[in-house]
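Asks: Residue strings, one per chain:
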Amino acid sequence: MSEPTPQPLARTDFYQEIRRNKWRTFVILLAFVVLIVLVGVAVDILLGFGIGGVAIAFVIALGMAFFSYFNSDKVALAVTGAKPADGPEYQRYHNLVEGLCIAAGLPKPRLYVIDDAAPNAFATGRNPKHSALAVTTGLLTLMNRTELEGVVAHELSHVKNYDILASTVAVTAVGTIALLSDLGLRFWIFGGNRDRGDSNSGAIGVVIAIAAMALLILAPLAAYLMQFSMSRKRELLADATGVQLTRYPPGLASALKKLQTDKAVVHHATRATAQLWIESPLDREEGKKGSRLNRMFDTHPPLDERIKLLEAM
Amino acid sequence: MTVIIIVVVVGLLLLFVALAYNSLVRGRNRVDNSWSQIDVQLKRRYDLIPNLVETVKGYAAHEKGTFEAVTNARSNAISAQEGGDVAQQAQAENQLSGALKSLFAVAEAYPDLKANQNFLQLQEELTSTEDRISYARQFYNDSVLGYNNSIQSFPKNILAGMFNFEKREFFETAPEETGPVKVQF
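Chains as they are written, first to last, in the working numbering: chain C, 1 to 313; chain Y, 1 to 185.
For the record, the hints were derived by calculation from the structure and aren't laboratory data.
Check each hint, because a few of them may be wrong.
Said to hold, decoys possible - Partial selection, computed: residues in chain Y whose CB lies under 8 Å from chain C:
hint: 1; residue: A136
hint: 2; residue: E166
hint: 3; residue: E169
hint: 4; residue: F170
As the list claims (entries may be wrong) - Straight-line Cα separation of at most 27 Å, BS3-like style, residue types lysine-lysine; simulated pairs:
hint: 5; chain 1: Y; residue 1: K43; chain 2: C; residue 2: K22
hint: 6; chain 1: C; residue 1: K22; chain 2: C; residue 2: K83
hint: 7; chain 1: Y; residue 1: K43; chain 2: C; residue 2: K129
hint: 8; chain 1: Y; residue 1: K101; chain 2: Y; residue 2: K57
hint: 9; chain 1: Y; residue 1: K101; chain 2: Y; residue 2: K43
hint: 10; chain 1: C; residue 1: K108; chain 2: Y; residue 2: K114
hint: 11; chain 1: C; residue 1: K233; chain 2: C; residue 2: K257
hint: 12; chain 1: C; residue 1: K22; chain 2: C; residue 2: K308
hint: 13; chain 1: Y; residue 1: K43; chain 2: Y; residue 2: K57
Where is the CB? At the ideal position from N, CA and C, for every residue including glycine.
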C-alpha cells in the first residue's frame, strides 16, 4: 500500500486500539468526578452548602439524563424522520447487518432508512436489545458492499460498546457541573454569602473566594470540552471495534474517504443528534476546519485522522 | 475481632471463587453456542441450494452434470456435518464450494438467467450466507480466544485446573478454502 501521509503511524492492531480508547474513557470519567468534587468544594467555600448542593444538582441532572437515556432511540428516529427499512430493495442492507451481528454476537437491531441524499448513518438505543440502526438512502447508493459493511460495523460497535450509556453518563456529569456552578454563582451574587465573612477573613480568604468563583465560571466550559473529547474517543473506539468485526480496515477507510469528498449535508441533523452519526453531519464549510479551538468543540475526530489510523491497522 | 477478620477474608475468597467459576462457565457456554451458530449458517446454505438448482434448471436444463455435482456435494456435506468429524466436514464444505462455483460459471452463459429476479435474489442470499459462515467462524474464534485467555491467566487458571476447564481449538480453514466462493458474471 502507498503511504502518502507525511508522518506514517506505527502499526497498531485493533485490540491495542480498543484497549487504549477504553482507558481514555475511564480517564475522562475520572476527571469528571474530580471536577464535580472541585466545584462542590468551591460552592462550599463560597456558600457553605457544598455537599447538599452537589446532591441536589446531581439528582436533577440524573433525572433529566435518564429521561433522555430511555427515550434516546424514539427521539433520534423521530427527529431524523427515519422509516423502517421494509421491502426487497433493502435486502442487502438486512443481510449485511445480520452477518455483522453474528460476528459481534449481538441481536439484530431494528433497521431504518432516512430519505436523504447525504451519505450518513447512526445507531441508537440504550442496550443491544433495544438498539436501532438508521442509514440514509444516499449511503446505500454511494457505498459498495465492503464500504457499507465498514460503516455498519462502526455503528454496531457503538451499540456493542454501550456508547449511549457512556454519553448519558457524560451528559449527567456535565449537567451536574453546569447546574451546580449556576446555582453557586446566583446565590453568591444575590446575597447568599453570609458565611463568607465568618469562615475566611483577610487576604487569603479573598484569594480563595476569587479562585472558587473562577472555578465556578470555568467548570461548565471544561465539562463541555471533556464531553466532546469523550465523544471523539468513542468514535475512534467504534472505528477500532468495527475493524474487529469486519477484519478489513480498508473497507471503512474507503467509506470515510467517500464521505470526505461528499459535500452534501444531512437535512434533519441538529447539534443535539450530532454525536450519533458516523461522521459529523454539521459544519462542512470549507476553511473552517484546522482551527485548534474549533476542533475542541467537535463531536467527531477529523476524517483525515480516522483514515490514517485505519490505514495503520 | 480476629474471628470477624477471618470470616470476612474467607467470605471474600468464596465470593471470588463463585464469581470466577461462573464467568468460566459463561465463557465455555459461549464457545459451545458460537460453534453451533456455524452449523446454523451452514444449514442455511444447504437449504438455499435446491432452490438455486431449480432456478438454474429452468434456463439451462441440459447442464445435468453440474446439477448432479452440486446436489451430491450438498448431501455429502450434510452427512459430514451429522458425522461430526471436523476435518471431513471441512473437506465436504470445500467440495460444495467448488461445485457452486461451477454452477455460477454455467449461469454465466445464459443472459436470461442472469436477468432473472429470483436468481439474483438467490445469489444475494448465497453471498451473504457465505459472509455469515465466515462471520460465525470468526465469532467462534473470538469466543475461543477470550475463553482460552481467561483459563490460562492468573488467578482463574487455578480454578480452571481444579474444575477441568479445557483449552479449546481455533477453527482453521483448509488452505484451499481461504477466500470466498467467487460469484462471477
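Asks: What are the numbers of the hints the structure violates, in ascending order?
Replies: Hints 2, 3, 4, 5, 6 and 10 contradicted; others consistent.
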